[in-house]
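Q: These protein sequences, in sequence, are chains A and B. In terms of my numbering, the first sequence opens at residue 1 and continues consecutively. In terms of my numbering, the second sequence opens at residue 1 and continues consecutively.
Derived by calculation from the structure, the hints in this document are not laboratory data. Every residue, glycine too, gets a C-beta built ideally from N, C-alpha and C. Be a bit skeptical, because a hint or two may be false.
What the hints assert, rightly or not - Each pair of labels, with its calculated beta carbon distance range:
id, chain 1, residue 1, chain 2, residue 2, range
1, A, GLU107, B, THR252, 25 to 35 Å
2, A, PRO111, B, GLY235, 26 to 36 Å
3, B, GLY235, A, VAL213, 50 to 60 Å
4, A, ALA156, B, GLU481, 44 to 54 Å
Claimed, not checked - Short derived list, chain A residues pointing at chain B, Cβ under 10 Å:
id, residue
5, GLN66
6, ASP72
7, GLN73
8, SER80
9, ALA93
10, LEU98
11, VAL101
12, VAL106
13, ALA390
14, LEU393
15, THR394
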Amino acid sequence: MSSRTRFRLVPTGLTARSALVSLAVAMLVMGAMALTLWALTRQSEALDRLSQGEVEHLMAATRLLQQANLLDQEASTLASAAGHAQRREAWVALTDRLTWVEKLVVELGLPPEDAALAGELAHRITQIEENSRALHAAVRARIDDPASEAGAQAVARLKQANEAMTAELSAQLGLVGANSRRLLDAQTRQLAQDVEAHRRTTIGLGLALLLAVIVAALWFEVNVVRRVHLLKRMVDEGEATPPAQTLVMRDEISSLAQTVGSYVSRIRAHEQEMRRVNEELSFLADHDALTQLPNRRFFETRAMRRAAQPGEPWWVLIGDIDRFKQINDQHGHAIGDAALVHVAGLLRTKLREGEALARFGGEEFVAVIPAPTADAVFSIVERVRAAVAASPLTLPSGERLSMSISFGLAPILPAPATTEDEAAPRRALDAALRAADDALYVAKRCGRNRVQVAPQPTPAPTPAAPTVRGEALEA
Amino acid sequence: MKPDRCFSAWRKLALLLCALALSLPALAARDSVRLGVQLEPPLLDPTATAAATAGEITYANVLEGLTVIDAKGRVAPRLATEWVRASDGLSYTFTLRRGVRFHDGKAFDAEVAAASLNRIVATDSRNPQKKWFEKIAGVQALGSHQLVIGLHQPDALLPFALALPAAVMVHPDTAAGNATQPIGTGPFKFGEWRRGHSVRLDRHAGYWGKQPALRSATFMFLNSSAETENMLGEGRLDWLGSVTKMTSSFMTRPDYRMSARKLESKMILAINNARPPFNDLRVRRALAHAIDRFELSTIYGTQFKPELIGSHFAPWHPAYVDLAQRYPFDPARAKALLAKAGVAPGTRVALTVPPTDYGRFGGLKIAADLEDVGFRVDLVQVDWKRWMSEVFEKKDYELTLILHVEPLDLNIYARPDYYFNYDSAEFRMLWERVLSARDETELNARLGEAQRKISEDAVNVFLFMRPERNFMHKDLMGVWEGSPIPSFVLDDVYWRK
Numbered sequence: 001m002s003s004r005t006r007f008r009l010v011p012t013g014l015t016a017r018s019a020l021v022s023l024a025v026a027m028l029v030m031g032a033m034a035l036t037l038w039a040l041t042r043q044s045e046a047l048d049r050l051s052q053g054e055v056e057h058l059m060a061a062t063r064l065l066q067q068a069n070l071l072d073q074e075a076s077t078l079a080s081a082a083g084h085a086q087r088r089e090a091w092v093a094l095t096d097r098l099t100w101v102e103k104l105v106v107e108l109g110l111p112p113e114d115a116a117l118a119g120e121l122a123h124r125i126t127q128i129e130e131n132s133r134a135l136h137a138a139v140r141a142r143i144d145d146p147a148s149e150a151g152a153q154a155v156a157r158l159k160q161a162n163e164a165m166t167a168e169l170s171a172q173l174g175l176v177g178a179n180s181r182r183l184l185d186a187q188t189r190q191l192a193q194d195v196e197a198h199r200r201t202t203i204g205l206g207l208a209l210l211l212a213v214i215v216a217a218l219w220f221e222v223n224v225v226r227r228v229h230l231l232k233r234m235v236d237e238g239e240a241t242p243p244a245q246t247l248v249m250r251d252e253i254s255s256l257a258q259t260v261g262s263y264v265s266r267i268r269a270h271e272q273e274m275r276r277v278n279e280e281l282s283f284l285a286d287h288d289a290l291t292q293l294p295n296r297r298f299f300e301t302r303a304m305r306r307a308a309q310p311g312e313p314w315w316v317l318i319g320d321i322d323r324f325k326q327i328n329d330q331h332g333h334a335i336g337d338a339a340l341v342h343v344a345g346l347l348r349t350k351l352r353e354g355e356a357l358a359r360f361g362g363e364e365f366v367a368v369i370p371a372p373t374a375d376a377v378f379s380i381v382e383r384v385r386a387a388v389a390a391s392p393l394t395l396p397s398g399e400r401l402s403m404s405i406s407f408g409l410a411p412i413l414p415a416p417a418t419t420e421d422e423a424a425p426r427r428a429l430d431a432a433l434r435a436a437d438d439a440l441y442v443a444k445r446c447g448r449n450r451v452q453v454a455p456q457p458t459p460a461p462t463p464a465a466p467t468v469r470g471e472a473l474e475a
Numbered sequence: 001m002k003p004d005r006c007f008s009a010w011r012k013l014a015l016l017l018c019a020l021a022l023s024l025p026a027l028a029a030r031d032s033v034r035l036g037v038q039l040e041p042p043l044l045d046p047t048a049t050a051a052a053t054a055g056e057i058t059y060a061n062v063l064e065g066l067t068v069i070d071a072k073g074r075v076a077p078r079l080a081t082e083w084v085r086a087s088d089g090l091s092y093t094f095t096l097r098r099g100v101r102f103h104d105g106k107a108f109d110a111e112v113a114a115a116s117l118n119r120i121v122a123t124d125s126r127n128p129q130k131k132w133f134e135k136i137a138g139v140q141a142l143g144s145h146q147l148v149i150g151l152h153q154p155d156a157l158l159p160f161a162l163a164l165p166a167a168v169m170v171h172p173d174t175a176a177g178n179a180t181q182p183i184g185t186g187p188f189k190f191g192e193w194r195r196g197h198s199v200r201l202d203r204h205a206g207y208w209g210k211q212p213a214l215r216s217a218t219f220m221f222l223n224s225s226a227e228t229e230n231m232l233g234e235g236r237l238d239w240l241g242s243v244t245k246m247t248s249s250f251m252t253r254p255d256y257r258m259s260a261r262k263l264e265s266k267m268i269l270a271i272n273n274a275r276p277p278f279n280d281l282r283v284r285r286a287l288a289h290a291i292d293r294f295e296l297s298t299i300y301g302t303q304f305k306p307e308l309i310g311s312h313f314a315p316w317h318p319a320y321v322d323l324a325q326r327y328p329f330d331p332a333r334a335k336a337l338l339a340k341a342g343v344a345p346g347t348r349v350a351l352t353v354p355p356t357d358y359g360r361f362g363g364l365k366i367a368a369d370l371e372d373v374g375f376r377v378d379l380v381q382v383d384w385k386r387w388m389s390e391v392f393e394k395k396d397y398e399l400t401l402i403l404h405v406e407p408l409d410l411n412i413y414a415r416p417d418y419y420f421n422y423d424s425a426e427f428r429m430l431w432e433r434v435l436s437a438r439d440e441t442e443l444n445a446r447l448g449e450a451q452r453k454i455s456e457d458a459v460n461v462f463l464f465m466r467p468e469r470n471f472m473h474k475d476l477m478g479v480w481e482g483s484p485i486p487s488f489v490l491d492d493v494y495w496r497k
């Protein structure tokens, strides 16, 4: 059977399904975390780019602007140099600054879309360089020939040109700075948007995750917990048929349900069996196995109950099969038993159910009969005696064995109304049994196959002066 | 949110980011360091160029020699663990360190070491310090980790010479590529060379020795004084190895400190001895009298009192002979000598200066001094590559202001093809005597003679010892301050927390 297989590669088992569901949830969680990590990494990278890239860029642009402005000052110093030493000094300072400005422009690292701007900047600087060189030469010439008008004019003209060029350069650099600032703004805004988007995604993911967890929990509830509850109810209520819900999926629970069902059936069967056995035992406790008649103990209980009822007086009947020992000796115990059963059967038919017929032991039977008078009960029992005498037992050999039974009868004397003694009914019954037994003895003595009623007790004599001291007269 | 309120919110964020960015470099710099150097070397291989900056960047960081000059200026083992000098002094046996690999994974062994050394002494070798190894007769590998160096004559300075940047160990397969991508055995490997900008070195995980604390180091090339000033001012440099005109004004900043360097940087006005009128001894002596060296030495500010020199030798060396006043400042005397030599007033002379602080501002003062004695000076500012090629290699110059940083480099005067074009058989003989000195006393005496000779011949105008200081962030620790090798060794450098 598939439920017995130990290793199942096909994921239809509960473990596998639960694992799958858990895995799905776990993967959702991991996915969410991975997404968060990715977003955070991206944002941290963006921040890095911002700080290393954009901010640096802005600072470079600002630095460059500063230096470009200083260029003009240095050109002025050069232009106003009076001697060669001053000229040289100014020239060294100017070229030094120009060298750095050039380097700064290269390092500015403008993006490809600003290639035109970068080109323009480089061009302007080259222009300034050339102009400065010309200025330098003009200044040198002027120092060598201070009187020359043309020389002085040349210097003035070149200086003006330099001023103009430097101003244009500054303007251009201002633009670079502004662009940089704008770029920084844009990137910052982008970053903020990213963060916001991620925030929303995280919330969404959180909700999705919550939903997934709820769904998983529901699935678990429906497919596992509820079915287990049904299983429990099955056991509690002893249902042998598994409820449909437990069988809806082929897995450990469904196979468990089937197993539980089969157990429950077995238990029920066992219970039935036990009840039956119990009943049998109970019967046997109160009845004679052979004749199926109630036994003595049972009789006494029933008899007392009968006798306690108001109404007609009850009579105790004891019957004894005649010459039973002879039958046993002559024909064996098996026939003896058969005879007993036979007589029991006859008595049963002739006596009513309410008369508590019982086997009193050995070959004796007992019953209690309600009758108004001794004559009434005598005629009832006489008929029974006659019936037995008229029904011989057919032996296996075919021989017919005639049988007879003697009866003794005695009334159960009612307890005096005044007493509340619980043992009184018992005593009354015992007394009646003793009296019936005595009557039976008389019947046997008188030739068997007859009914003898115990003599009635005479009414208590009026209290004349007793001649006998304290002894009750016995009838 | 109203649009303008929205915008101002972005402004605030931008400002915050700016503040963050300004502090970020400071935060981020804790396992890296930005070093300022004025001259960008033409190549990164110190075995192929005399430009000291090549060694400054790579010495002990990327490329290592058999020995090294340590933080205290002493010869120490590096790729060789020990060495034994034969009793007759004619050979050294070096035991090499095991488990050493180049950055590309190739193994370092005696074969590689021998090849490296043979490369230095080969006839077609372009090694700038070839002279130091003239006494080597042969180099042989003895097994995998033993090297025997045979000498023509005893050379007590050999272990020192092997510690020079020009004697670093290279692998024959990659030696040619070291000019642009040096591959060595050091704790750092070559990262990137942005021409005109910087060289970056990155920590090498497979180094044979102790892992350095720093993850990377960037050598930034400062090609203008304006830039140097700005970088220092904005704190964008963690170390500057040379004193500049503005150093004194930065000395008061509490976040930086200065410490002495043991470099032997001799500032000289080099003269092309082969070019008229400078082939005339009188003209050269006139130049020496014309320069006001003391005034010149104040370009670094009054805190520094650089020692004037009269020859190509460091004053703190025991063999030093004080010749500083051999040619005292005397413009009148200079003019007289020039007149005697037939140099007419107004004679044009070109003074070539490198793109350094001293080049710019020292050059100005010298030009002024020369003009005071009648010359007409063209101050020619060139970039380092041009200086190396035109002045150093092609010897196409008249006068140049330059710093010689190698220790004990008097031997350059024994090379007739050196850029001074000083060809003196007498000096060469004197130098031979120096090399064959038997003991220290003799050595010092002979070195003294050599110094006097070049002073007498006024080969160059010897100006002063440039004050050498480490100028660095106060939290930068472990700098090898006592090394006479122009270098920035990253071995022990770390940031104090």
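Q: Double-check A:VAL101 for me: the hint is only fine if its C-beta lies closer than 10 Å to a C-beta in chain B.
A: With a minimum Cβ separation of about 8 Å from chain B (threshold 10 Å), the hint on A:VAL101 holds.
Q: Can you let me know if the beta-carbon spacing of A:PRO111 and B:GLY235 is within 26 to 36 Å?
A: Holds - the Cβ-Cβ distance for A:PRO111 and B:GLY235, about 27 Å, lies within 26 to 36 Å.
Q: Using the C-beta atoms of A:ALA156 and B:GLU481, is the stated range 44 to 54 Å upheld?
A: Holds: the Cβ-Cβ distance is about 53 Å, inside 44 to 54 Å.
Q: A closest beta-carbon separation below 10 Å is what the hint needs, so does A:GLN73 meet it against chain B?
A: violated (12 Å)
Q: For the hint on A:ASP72, just tell me whether its beta-carbon gets within less than 10 Å of chain B.
A: violated (14 Å)
Q: If you take the shortest Cβ to Cβ gap from A:LEU393 to chain B, is it below 10 Å?
A: violated (119 Å)
Q: May I ask you to test the hint 25 to 35 Å on the CB atoms belonging to A:GLU107 and B:THR252?
A: holds (29 Å)
Q: Determine whether the Cβ-Cβ distance between B:GLY235 and A:VAL213 falls within the hinted range of 50 to 60 Å.
A: Distance hint for B:GLY235, A:VAL213 holds at roughly 53 Å.
Q: Going by Cβ atoms only, is A:VAL106 closer than 10 Å to chain B?
A: Holds. Min distance 7 Å.
Q: So, A:THR394 near chain B? Judge it on the closest CB pair being under 10 Å.
A: violated (119 Å)
Q: Hold the hint about A:LEU98 up to the distance rule: shortest CB distance to chain B must be less than 10 Å.
A: holds (8 Å)
Q: A closest beta-carbon separation below 10 Å is what the hint needs, so does A:ALA390 meet it against chain B?
A: With a closest approach of 125 Å, the A:ALA390 hint is violated.
Consistency note: the structure conflicts with the earlier hints numbered 6, 7, 8, 13, 14, 15.
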